[in-house]
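Take these sequences, add in the hints, and give me the full structure.
Read off the chains here:
There are 2 protein chains.
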Amino acid sequence: MSSTPAFRRLPRAVREQQMLDAAVRAFSRRGFHAASMDEIAEDAGISKPMVYAYLGTKEELFVACLHREGTRMVEAIAAAAAPDLPADERLWRGLRAFFGFVGAHRDGWIVLYRQARGEQPFAGELATMRSRLVEVVAGMLDDALRAQGREVRETDLEVIAYALVGATESLGDWLADHPEADPAKTATRMMNIAWLGADQLLRGETWRPTGE
Amino acid sequence: MSSTPAFRRLPRAVREQQMLDAAVRAFSRRGFHAASMDEIAEDAGISKPMVYAYLGTKEELFVACLHREGTRMVEAIAAAAAPDLPADERLWRGLRAFFGFVGAHRDGWIVLYRQARGEQPFAGELATMRSRLVEVVAGMLDDALRAQGREVRETDLEVIAYALVGATESLGDWLADHPEADPAKTATRMMNIAWLGADQLLRGETWRPTGE
Numbered sequence: 001m002s003s004t005p006a007f008r009r010l011p012r013a014v015r016e017q018q019m020l021d022a023a024v025r026a027f028s029r030r031g032f033h034a035a036s037m038d039e040i041a042e043d044a045g046i047s048k049p050m051v052y053a054y055l056g057t058k059e060e061l062f063v064a065c066l067h068r069e070g071t072r073m074v075e076a077i078a079a080a081a082a083p084d085l086p087a088d089e090r091l092w093r094g095l096r097a098f099f100g101f102v103g104a105h106r107d108g109w110i111v112l113y114r115q116a117r118g119e120q121p122f123a124g125e126l127a128t129m130r131s132r133l134v135e136v137v138a139g140m141l142d143d144a145l146r147a148q149g150r151e152v153r154e155t156d157l158e159v160i161a162y163a164l165v166g167a168t169e170s171l172g173d174w175l176a177d178h179p180e181a182d183p184a185k186t187a188t189r190m191m192n193i194a195w196l197g198a199d200q201l202l203r204g205e206t207w208r209p210t211g212e
Numbered sequence: 001m002s003s004t005p006a007f008r009r010l011p012r013a014v015r016e017q018q019m020l021d022a023a024v025r026a027f028s029r030r031g032f033h034a035a036s037m038d039e040i041a042e043d044a045g046i047s048k049p050m051v052y053a054y055l056g057t058k059e060e061l062f063v064a065c066l067h068r069e070g071t072r073m074v075e076a077i078a079a080a081a082a083p084d085l086p087a088d089e090r091l092w093r094g095l096r097a098f099f100g101f102v103g104a105h106r107d108g109w110i111v112l113y114r115q116a117r118g119e120q121p122f123a124g125e126l127a128t129m130r131s132r133l134v135e136v137v138a139g140m141l142d143d144a145l146r147a148q149g150r151e152v153r154e155t156d157l158e159v160i161a162y163a164l165v166g167a168t169e170s171l172g173d174w175l176a177d178h179p180e181a182d183p184a185k186t187a188t189r190m191m192n193i194a195w196l197g198a199d200q201l202l203r204g205e206t207w208r209p210t211g212e
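Taken in order, these protein sequences are the chains called A and B. Just so you know, we're using UniProt numbering here: the first sequence kicks off at 1 and counts up by one. Just so you know, we're using UniProt numbering here: the second sequence kicks off at 1 and counts up by one.
Treat the hints with care, as some may be off.
To be verified - To give a feel for the contact side, a few chain B residues facing chain A, derived at Cβ under 7 Å: (1) Gly166; (2) Ala167; (3) Arg189.
As the list claims (entries may be wrong) - Taking lysine to any residue pairs in the SDA-like style, the calculated list, with each CA pair at most 25 Å apart, reads: (4) A/Lys58 x B/Glu59; (5) B/Lys58 x A/Pro121; (6) B/Lys185 x B/Ala82; (7) A/Lys185 x B/Thr155.
What the hints assert, rightly or not - Computed footprint of chain B on chain A; a stretch qualifies when at least three of its residues, placed anywhere within it, have a C-beta under 8 Å from a C-beta of chain B: (8) 157-166; (9) 170-183.
I should point out that these hints are in silico values taken from the structure, not numbers from a laboratory. Glycine included, every Cβ here is placed at the ideal spot set by N, Cα and C.
Structure representation (structure tokens):
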């Protein structure tokens, strides 16, 4: 890139990121319906017509926020959970990347987890992203089982994966409300909860109700 | 109550429940914003002015739905998890009551879990209900520990409780999308995931990353 004097107009891509930053902040704090294009434009230091020209309607802006934050989150997790490591290491690295994302992008997490859910048509996009995470986790558990020469039914893997993803999201949301908590320590806590349980399950141990 | 001929006008309480049933169905399928008072009145077989007269605005009707479904769910769980049983039995009975609620009140669950989240001011009510569940689960784990003469820090209990509640909600949502799945069997599956993990944690076992 050529060197540019400080007063030169910012490139479009940089401006767009500033608008998205402002939009994520506004949607996180006030929700999709209450957040206004006026406050987003003002926070980004850009005129409202330019926000519309660059990123479209409020709906399109919200979708752009979901895409950016969701992609950041999923890519961070996928990059961390390298497939050549043992299953527990992969799971822990994935968890560390996830909690790292929540710690560093608290507003992004809140838009994804609290504000987009229940909002048609955004809820569908979120459900798709979540299904992808569930598949990744189920695949990781399947690899761990196959490495031990074992196999469990696909439904059982899916159920365990749903539970792990739900537990992790819930703790991610806890972290978003506890900025003083350490993301890496939270990952180790979640790993203790997830793995000590999954490890026994994968070894075929089961809990049974008594007296029923 | 005096015996009433079949053609007599229904008592107010019965009509209100019919309106709430229709409202829960509409909010579950279409969300708060898209659902209309017209379709709710039509589904309940009641005139729209009467819906307004009995249950107020659409916002008030939505809150009434949240209260009814949330109270049903929390009371079912609290009644099942009798305090004089061992911790694993209490947890399992609580889980069975929870998945039983989701199986029997699928629309109610969807309104609570998918439609109310992110909708101000309803999100606050949901967060309060969720905190109550987290407290109940943390208290149950604390009882189990004290019965073994052990104690862990309140934050650790809270973190485990958040993870368990999140895992259970996630699997409840899976059940809502799988009407062919058995609620009691889903409870046992969740118990296996939750308890085999929690049991080791409560015995003081921990997972540690290697090579870090």
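Now for the hints, and whether the structure bears them out:
1. Gly166: B/Gly166 check passes; min Cβ-Cβ to chain A is 2 Å, inside 7 Å.
2. Ala167: 4 Å, holds
3. Arg189: 5 Å, holds
4. A/Lys58 x B/Glu59: Holds - the C-alpha atoms of B/Glu59 and A/Lys58 are around 23 Å apart, at most 25 Å.
5. B/Lys58 x A/Pro121: 21 Å, holds
6. B/Lys185 x B/Ala82: This hinted pair holds, its Cα atoms lying about 20 Å apart.
7. A/Lys185 x B/Thr155: Holds, at about 12 Å.
8. 157-166: Holds, because 8 residues of the region 157-166 of chain A bring their Cβ atoms closer than 8 Å to Cβ atoms of chain B.
9. 170-183: holds (count 4)
In the structure shown, no violation is registered for any of the earlier numbered hints.
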